[in-house]
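Visitor: Residue numbers (the numbering used here), protein chains in the order written: chain A, 1 to 115; chain B, 1001 to 1112.
Quick caveat, the hints were computed from the structure, so don't treat them as lab data.
A hint or two may mislead.
[Claimed, not checked] Across the chosen pairs, the derived CB separations fall in these ranges: (1) T14(A) / D1055(B): 36 to 42 Å; (2) G16(A) / P1079(B): 48 to 54 Å; (3) F95(A) / Q1003(B): 23 to 29 Å.
[What the hints assert, rightly or not] Computed footprint of chain A on chain B; a stretch qualifies when at least three of its residues, placed anywhere within it, have a C-beta under 8 Å from a C-beta of chain A: (4) 1054–1062; (5) 1098–1108.
Keep in mind it's a predicted model, so treat the numbers as computed, not measured.
The beta-carbon is built from N, C-alpha and C at its ideal position, and this holds for glycine as well.
Okay, here's what each chain looks like letter by letter:
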Amino acid sequence: KAGVTQTPRYLIKTRGQQVTLSCSPISGHRSVSWYQQTPGQGLQFLFEYFSETQRNKGNFPGRFSGRQFSNSRSEMNVSTLELGDSALYLCASSFDKLSAANVLTFGAGSRLTVL
Amino acid sequence: DQQVKQNSPSLSVQEGRISILNCDYTNSMFDYFLWYKKYPAEGPTFLISISSIKDKNEDGRFTVFLNKSAKHLSLHIVPSQPGDSAVYFCAASAFGTYKYIFGTGTRLKVLA
């Protein structure tokens, strides 16, 4: 079956602009999580959605937002981009996060560069 | 506050030998742990998991050990192969939090 699909794969923006990233989870997966990866910082949790509801949010400013649609597809938005937002943004899906015993399946990521 | 720590940024091992990657955590509520491997320009790939009710889980060349009293887990790869060269992340989750906390990763280089 198809994996987690993230679009776009690469994008370049300038400071002050906004960006929207898209994620299509594995068919049947209802939970979608977003992570930011920067050098030396590992993967930082942004937020998690299940059935269109945000169930948890990481320690990021309000410029970072997301949503999930009824078909489980998800988008995240970053407004008023800053240079420090340059990172690899990873989306992961899982069947159900109500149990801790759920493996995250990641997409290939969207590489954002802010100039 | 980094709740999951991988204190070794890099590790080099000869092909055929054992690779041991370590991970420490501070939150005693964590009850499920995952290891991921990541190649450049790709998303992380799941390797192996362990629940807090176990102290060992094995899958082929990969074995994960969990020491709850020390809040420490380790991933053993035996034998190591050049294709294992990648960045390895450990991750931990507590029931009901709907998120995994990841370590900063260890870059493994397996020398042929």
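Visitor: Decide, hint by hint, whether the structure agrees.
Guide: Hint-by-hint comparison with the structure:
no.: 1; hint: T14(A) / D1055(B): 36 to 42 Å; in the structure: violated (51 Å)
no.: 2; hint: G16(A) / P1079(B): 48 to 54 Å; in the structure: holds (52 Å)
no.: 3; hint: F95(A) / Q1003(B): 23 to 29 Å; in the structure: holds (25 Å)
no.: 4; hint: 1054–1062; in the structure: violated (count 0)
no.: 5; hint: 1098–1108; in the structure: holds (count 8)
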